[in-house]
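Q: Using the sequences provided together with the hints, build the complete structure.
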Amino acid sequence: MTQPALQVKDLKTQFFTDDGVVQAVDGVSFDLHPGETLGIVGESGCGKSVTALSILRLVQEPGRIVDGQILFKGDDIVTMSDEEVREIRGKDIAMIFQDPLSSLNPVLTVGFQIEEAIEAHGKVPGKMALSRAVALLKQVRIPAAESRVHDYPHQFSGGMRQRAMIAMGLANSPSILIADEPTTALDVTVQAQILELLRDLNRDLKTAIILITHNMGVVASLCTRVLVMYAGRIVEQGPVEQIFKDPQHPYTWSLLQSIPRLDSDRHDRLLSIEGFPPDLIRPPRGCRFHPRCQFKIDRCLHDDPPLLNVGPDQDAACWVTMRRALASNGERRG
Amino acid sequence: MADRTPLLRAEQVVKHFPAGLGASVKAVEKVSLEIYPGETVGLVGESGCGKSTLGRLITQLLPVTSGNIFFDGVDLTKLRGEKLRQYRRQLQMIFQDPYSSLDPRMTVGDIIAEPLENFGLLRGRAKDQRVQELLKIVGLNPYFNNRYPHEFSGGQRQRIGIARALALRPKLIVADEPISALDVSIQAQIINLMEDLQKEFQLTYLFIAHDLSVVRHISDRVMVMYLGKIVEVYRNPRHPYTKALLSAIPIPDPEVQSKRRIVALAGEIPSPVNPPSGCRFHTRCPIAQLPTPCADQEPPLEDKARDHRAACFFSEKVPVAV
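First to last, the protein sequences are chains L and D.
Each residue of the first sequence is one higher than the last, beginning at 39 in our numbering.
Each residue of the second sequence is one higher than the last, beginning at 214 in our numbering.
The hints are simulated quantities; they were obtained by calculation from the structure and are not laboratory data.
Where hints are given, some of them may not hold.
Below, in silico cross-link-like pairs of lysine-lysine (PhoX-like), each with a Cα-Cα straight-line distance of 25 Å or less [as the list claims (entries may be wrong)]: (1) L/244 <-> D/472; (2) L/129 <-> L/161; (3) L/334 <-> L/283; (4) L/176 <-> L/165; (5) D/517 <-> D/530; (6) L/283 <-> D/472.
A: This is the structure in structure tokens:
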């Protein structure tokens, strides 16, 4: 087993609001291996984006990392000085966001902004920075990169802006790229292009990718491993094939059953998860999913389940697990 | 279905928006369609294709540039003032964003009662009872009528929007991306609710969305728009644009997904200010024959088979399987 490229250990990030302390990320641990494509899925407010922001220490006030370690090359990002984090940010670990329009400066050319990213981590002669920017735009398949490098963001389409953001992220050949909902604002045909681009970059440059998304289909098409988050915690994790074929946590299972699929029967009633995610200022006791879980047992109401091994490389935080839930349902029906 | 009279029929509907310097955005270009009573028609396409504009033309929230829209045989584009207002009762809309489509300073009860008051239908206790009944119908606690929108989650707000749309007992509901702002686990709740309401109140839906898997699930027929034109109406798609759209949607199953072939479309949607000649899709089409006929003739939207219309010279050459 190779050394992980990044280790997150028992991360806790909280937001200190007037209404109380929001436990946005509550004890998240995972390893990212070199060159891996890891998906983090969940609904809004589950803590997936805050986890990503925490890795680069980009959580803003009133948010704070209150506990845990984020180990990168043996050093803990949580306890580093701002100076040291800036060294890593954009150089070793880069991040791209959902909305490329608001992440780009509208009054500077795309090329200038990519050059800025290059020069942030070392002096580069102007001409070289420009030719590197052009090369990066070519790498993300912007047509006529030599002339488009002088365009402003508004002259780019949505898909091209996201490509430009990816180019900027790649500027210093990072070993890890964190993509937070990179295709959510895009049309499906453009989404397919961006996913293909990320797949190629991962294969050709061996960049490890952490993909944050709410879309199970996007995970299925890009990632090899997936973490499913709910209410600030990882509820299930494992290899993508395993999780999609044999999900063991009721939340993962229900989520997969609730999505209409292109290859399923039409008009079949969708399974819906009743209720809505909990308030993370006062999360439910016991398993945080229990108020919405149709398979809960008494123990779930007061006893918080840890992540337990439920299959090859697969962990789920559930006292029941789907294997048992479906078996006992079968008995009852039978 | 062909022997029934359509509830709504649009004929050669055009909508141009001025874009300065004498140019115009050709948002909807000569669109004709029929919607039959009790069916759900899906309307899909990428952003900027004109699907939302078409929805707003149908509900008369926007005036047409030219063309006619018949509802129950009456041409809505010819009606003005009070007469139009009376027809509007039967055409309601559900919007995408449950945050901006509800007035934050009105109670939920007032929001749902507003259409009833606008038409002077119910007053006093009868009105309150109807509001509570509507809340119950959409699966909310009827005693929530005194609360404000901010006290509700996105999914609950969308239910409030649906209750408001149902208040006047409409025949046709145009739902413009009703679930795309909602979380995955909530989307199924709203889809199921809309399907239940359709059965209960014999509603007809025009369901506008960009997510083809959702549209495929809920719709009896699907219309696909590209650059202001309907390019296909299908149960089983054949148009190369529809095929490309479908192939681009990732299926949440890594085994299936890894075996699929994505029809990559070159480039992005051209500008609707200056759309391509002939077939508007020819600049990105994988099977276009250029220049003739695809770049110099416009393919008409015509019947290709039962329940299938397509605007393509070569759609027969596209294999049927997804």
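Q: Each of the hints needs a verdict: does it hold here or not?
A: Hint-by-hint comparison with the structure:
1. Restraint check for residue 244 of chain L and residue 472 of chain D: satisfied, since their Cα atoms lie roughly 23 Å apart, inside the 25 Å limit.
2. For the hint pairing residue 129 of chain L with residue 161 of chain L, the CA-to-CA distance comes to about 14 Å; that is within 25 Å, so the pair holds.
3. Distance check on the hinted pair: residue 334 of chain L and residue 283 of chain L sit about 22 Å apart at the alpha-carbon level, within 25 Å; holds.
4. Proposed proximity of residue 176 of chain L and residue 165 of chain L is supported: the alpha carbons are some 17 Å apart, at most 25 Å.
5. Restraint check for residue 517 of chain D and residue 530 of chain D: satisfied, since their Cα atoms lie roughly 12 Å apart, inside the 25 Å limit.
6. For a cut-off of 25 Å, the pair hint linking residue 283 of chain L to residue 472 of chain D stands: about 16 Å separates their Cα positions.
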